[in-house]
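Line by line, the protein sequences give chains A and B.
Position 340 of the first sequence, counted from 1, bears residue number 378 in the working numbering, the numbering being contiguous throughout.
Position 50 of the second sequence, counted from 1, bears residue number 87 in the working numbering, the numbering being contiguous throughout.
Be careful, since some hints might not be right.
[Unchecked claim] The calculated PhoX-like cross-link candidates involving lysine-lysine, where the alpha carbons are at most 25 Å apart (straight line), are:
1) Lys-131/B / Lys-435/A
2) Lys-300/A / Lys-256/A
3) Lys-75/A / Lys-62/A
4) Lys-135/A / Lys-131/B
Derived from the structure by calculation, the hints contain no laboratory data.
Below are the chains, spelled out letter by letter.
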Amino acid sequence: MYAYDEIDRTLINERVSEFRDQVKRRLAGELTEDEFKMLRLMNGVYLQLHAYMFRVAIPYGTLSSPQLRKMAHVARRYDRGYGHFTTRQNIQFNWIKLADLPDALEDLASVGIHAMQTSGNCTRNVTTDQWAGVAPGEVEDPRIWAELLRQYSTMHPEFSFLPRKFKIAITASAYDRAAIKVHDIGLRIHKNEAGETGFEVLVGGGLGRTPFIGRVIKPFVHGRDILSYVESILRVYNQYGRRDNIYKARIKILVHELGIEKFAAEVEDEWLATRDSALTLDSEVVEDIRSRFSYPHYQKLSDTPDELTAASADPHFARWLKNSVAPHQRTGYAIVTLSLKPVGGPPGDATADQMDAVADLADKYSFGEIRVGHEQNLALPSVARRDLPALWRQLDKLGLATPNVNLVTDIIACPGLDYCSLANTRSIPIAQELTRRFANNDLAELIGRLHINISGCINACGHHHVGHIGILGVEKNGEEFFQITIGGRADEHAVVGTLIGPAVPFAEVADVIEDIVEAYLALRARPDELFVQTVERLGVEPFKERVYATR
Amino acid sequence: MTSPLQQKIKITGPSVVTANRTWDGVVIYRDAHNGWTTDLAQAAIVRTADDARALLAESTADDVGAIGPYIAPVAVNDNGTVEPGNLREQIRRKGVTIDLPASA
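All chains should be modelled from the sequences, with the hints used to inform the complete structure.
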């Protein structure tokens, strides 16, 4: 966990007071909506179909148990008793009143949580691997650098009015859980040939109506130079990014139109002029940030305790253990993913009672720490393996032990037309129906790793482009239709999926997905060939034929 | 950006002006008495582009009470009841089409 210093606490509290005054002036008619809109957006407040939506940042996906309890409190006191975890390590409350927002912000500020820059044309919440600091094989904890970038980019005067929003993600593992290749800047921490730790920098990734996979702009940037290099990218983008057309304003369009070589040359020129400036990071600065992260006091424990061996005789526990529990850096400990994808439930939602209970379980079993992943699940990062049976029993009672992590029902979905003012179609009912169709755990295991991502419009908040199966809602003559893509992926081999054919109506989506999955099971070369590997090997034609032959 | 009042208004049937209430975001409809109502049945219904433009102008002038007024289609049934004219407006009126998460 990172402990905020006095400067951080003052900043957050002053921001609450400032926003309280802005809300008061808006409600008194002293600010027009045009004047107020940018101010509320910079505090994470959107207007959705039925109400305001309040988006709160969870920096680098790490929460303490008091912070999660405070989110439960906000859900219960100011909203309708639940929250929605998003694909960018935020939580959203869907029913909050403008008049209540300053109080909600003040309550969150008491535990160091805020909503700054969760919207607006600025650098958004810097995200990272939800297993940061505990993943085996990790080069180093990427949250140190995420925190440095958070401090650097918060209320940065030069970059508060960029051409468009700007998203940065960091990973330090070989397997990319942070989807860095679909971010404006993706940072991969690695070691160079000399054994020095630094960053591979990718730029121009993104989804939305024009998806691009990020390109490597610099294979290695030393840690001391990372802020100046990121600033150079931001400066080039701020200068040349389009402001005349919202659909062409993201950095991905600039990189695409200039070409990566010319864009990189512009960045290099800027960087050479500024790299040895005040942004050069002394090792003391980095170490100061590092020292403000506290780590658990691990015990020496066995990886195969008797409790675990005995409990594994229960097939339900054994299934969950195999699916939702991952190895940890430390012997005797494990990383536990808590599925927020129950059969028939809205993906990523958690009730206030569930949040409180998870906070209690984190205190009891995981050093008071909770993680949030971009796949819209939670994780307890450091659970002693001897405690896994006891933890599972309690998670099961809470509905948080569905053994479907990374399987066909672990669906990413945006809020869709049930909530969102931008959406063309609903997303959640499609996800719910699919979880019912594939509710059989044996079938889900037989299918293996398969990510279905659903977006209710072309803005792609549900990351449909990079779903193994992507579902995109479009409106046709007032009716909900859905385009299906296959073969996308968001990991270190990120690729945009391929459209298989004409859009299908709402009522047929689940049937189509079943057809695609049945085709895969018949076509795969061997049981461990993943869905995306089969698509890569055979292309989309066999799937297209299966779906459209009888439609 | 073009003001909504400067945009060409084209309606194809009965319509209302709808917005969100400023202090809590609730869905509201412009009524026939220069005010707002949460009840679609009480909304002012317009059938011509000129009437729609006038109702929208009146609604937009109330920047304190409402956010983002716009013209939305409705269907008027034979018995005089009014229904939203599309799925988006149905959801805005009746709420989400799913069960909200609830604590056990």
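Hint check results:
no.	hint	result
1	Lys-131/B / Lys-435/A	32 Å, violated
2	Lys-300/A / Lys-256/A	13 Å, holds
3	Lys-75/A / Lys-62/A	14 Å, holds
4	Lys-135/A / Lys-131/B	18 Å, holds
In summary, the one numbered hint that this structure violates is 1.
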